[in-house]
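> Residues per chain, in single letters:
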Amino acid sequence: ILNVEQSPQSLHVQEGDSTNFTCSFPSSNFYALHWYRWETAKSPEALFVMTLNGDEKKKGRISATLNTKEGYSYLYIKGSQPEDSATYLCASPETGKLIFGQGTELSVKP
Amino acid sequence: EAGVTQFPSHSVIEKGQTVTLRCDPISGHDNLYWYRRVMGKEIKFLLHFVKESKQDESGMPNNRFLAERTGGTYSTLKVQPAELEDSGVYFCASSHGRSSYNEQFFGPGTRLTVL
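Top to bottom, those sequences are chains C and A.
Numbered as in my numbering, the first sequence ends at 110 without a single skipped number.
Numbered as in my numbering, the second sequence ends at 115 without a single skipped number.
Since the hints were derived computationally from the structure, they do not count as laboratory data.
Hints may be right or wrong, so weigh each one.
[As the list claims (entries may be wrong)] As a list, the in silico DSS-like pairs of lysine-lysine whose alpha-carbon atoms are at most 25 Å apart:
#1 58(C) with 109(C)
#2 42(C) with 41(A)
#3 42(C) with 44(A)
#4 42(C) with 78(A)
#5 78(C) with 42(C)
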């Protein structure tokens, strides 16, 4: 079973700060990388599905990059807002199922 | 289009009791997955249905867990008898295809507490 790791585990920033966190995954036999945003008691919401080395995707103030050769993806949030507070999860598929990292819990203070 | 729904949202039971969780996937999605997040740890795969057939149940912890998917529609996950370590959030997800590129749509989860 492949191993997916995320860092940091938690992050506390002030409103307006830009922030980024990392997802690491094995670079061999890469298929795709999924990013999700999860607020407690709500459904994890898909942000991006990334497939190609060098991919960069954007959704509003959130963007993500992918490096499949070295096995990492970065998620960036520009000008964090309190409503960005959530746990950000990355996952790599393995025979259909998703293998998740532990998540990065982001807290944005007003 | 309705999303993935799960029932109940919370369940508190005593050790040794039985609990049944239900998942209704998005209509038309053949693939249904169960996952679990134990506090402080990563979300872990439990099993995968394609229609009514179990495709992969390698993540099921032990034989106290039983999953069914009647007629390829909704699914239930029964824990009998429940143990303390079964506490966590149980997520259900569904997808149209089973490709690595297919997005899995998640329900809000059932938070299970075993006392």
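> Please work out if residue 42(C) and residue 78(A) have their alpha carbons no farther apart than 25 Å.
22 Å, holds
> Please verify whether residue 58(C) and residue 109(C) have alpha carbons no more than 25 Å apart.
23 Å, holds
> Just to be careful, I want the Cα atoms of residue 42(C) and residue 44(A) compared with a cutoff of 25 Å; is the pair within it?
Holds - the C-alpha atoms of residue 44(A) and residue 42(C) are around 17 Å apart, at most 25 Å.
> Checking one constraint from the list: CA of residue 42(C) to CA of residue 41(A), max 25 Å. Satisfied?
Holds, at about 18 Å.
> Check whether the Cα positions of residue 78(C) and residue 42(C) lie no farther apart than 25 Å.
23 Å, holds
Taken one by one, the earlier hints all hold for this structure without exception.
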